[in-house]
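Enquirer: Sequence:
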Amino acid sequence: MASDRAKHLKRLRRLHRSARGWTVRAGLLTGATAVLVPYSGLGLPDAFWAAAAGGSIAMTVWRWLDYRAFRALPVPPEPDPALAGAMARDKLVGLVQRLPAGRTAVAEFDRQRESFKLRGLTVAEPWRRLDRAAAMLSGLIGRLGPVAEAAVLDAAVAERQLRDLAQRCASVERAMRIGPAGDNLRPAHRALAEQLEQGVAAYEQFVTAAAGCVAEDTTAVGNLTDATAFLRGVAEGLADLRTPQPTPRPQTA
6 MASDRAKHLK RLRRLHRSAR GWTVRAGLLT GATAVLVPYS GLGLPDAFWA AAAGGSIAMT
66 VWRWLDYRAF RALPVPPEPD PALAGAMARD KLVGLVQRLP AGRTAVAEFD RQRESFKLRG
126 LTVAEPWRRL DRAAAMLSGL IGRLGPVAEA AVLDAAVAER QLRDLAQRCA SVERAMRIGP
186 AGDNLRPAHR ALAEQLEQGV AAYEQFVTAA AGCVAEDTTA VGNLTDATAF LRGVAEGLAD
246 LRTPQPTPRP QTA
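Counting in this note's numbering, the sequence shown tops out at residue 258, every number present.
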């Protein structure tokens with residue numbers, strides 16, 4: 006996608022070319038009229054020549070006025086390279102997603118990129134397990150039927166919250182590496198890692214129960230209900246964790 010600066014300069018060049026083109030046409034028609042009218046006298050064809058010359062002169066004046074007025078406008082600044090790169094990436098992603106299986110390829114690329122960012126951190130393994138379970142659930146959704154639709158929605162909410170929790174845990178772990186001051190973050194990191202492990206285990210339990218339903222296991226329906234309730238509880242716990250608690254007001258004597 007072209008930037009505002011590129012569009013501005015492109016239009017300025019187009020107006021300049023148009024003004025120069027009409028200047029050439031006006032010169033040719035005016036010169037032809039100046040030669041032909043005295044040569045053969047004023048007739049009907051010469052009237053057309055004169056009208057064309059006058060019209061081309063008027064168009065030339067208007068084009069030059071438009072060009073000068075537009076040139077007086079401020080030129081938009083250069084776009085931010087980061088913003089330009091993001092716009093180019095979005096355009097490329099949009100083109101790829103229109104292709105067959107393009108959306109799946111883009112999603113897989115995004116997952117691989119996020120996994121690469123977490124390489125070397127303790128959240129890398131839970132993230133990989135979550136990716137694997139999410140991919141398995143994606144293949145089961147079309148076979149679960151409408152009965153499990155609400156459960157699948159709960160699983161989607163839980164997955165988003167678990168990924169957000171993993172990113173927060175990774176940020177804390179990176180901050181722990183800045184020096185001795187990062188040791189103060191170890192309790193918070195330990196608590197986040199434990200919550201992430203519990204959540205991923207609940208998500209895996211849900212996917213296992215969903216696979217049992219697809220296999221038409223009579224006991225799997227109850228297992229799926231229990232797993233959904235447990236996963237919903239984990240998701241609600243994560244949501245409560247993100248909600249800031251009100252600070253109690255000190256009591257005055």
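One or more hints might be untrue.
[Stated by the list, open to error] Pairwise CB distance ranges, derived in the manner of DEER restraints:
#1 G144 <-> K122: 21 to 27 Å
#2 R25 <-> R165: 53 to 59 Å
#3 G187 <-> G147: 41 to 47 Å
#4 R16 <-> R134: 49 to 55 Å
#5 E154 <-> R16: 50 to 56 Å
#6 K122 <-> G187: 16 to 22 Å
#7 R191 <-> P81: 46 to 52 Å
#8 V80 <-> A140: 46 to 52 Å
#9 N189 <-> K122: 48 to 54 Å
Quick caveat, the hints were computed from the structure, so don't treat them as lab data.
Everything numeric in this text was worked out from a predicted model, so none of it was measured.
Note that beta-carbon positions come from the ideal geometry of N, C-alpha and C, so glycine has one too.
Enquirer: Which of the numbered hints are not met once you compare them with the structure shown?
Expert: 9
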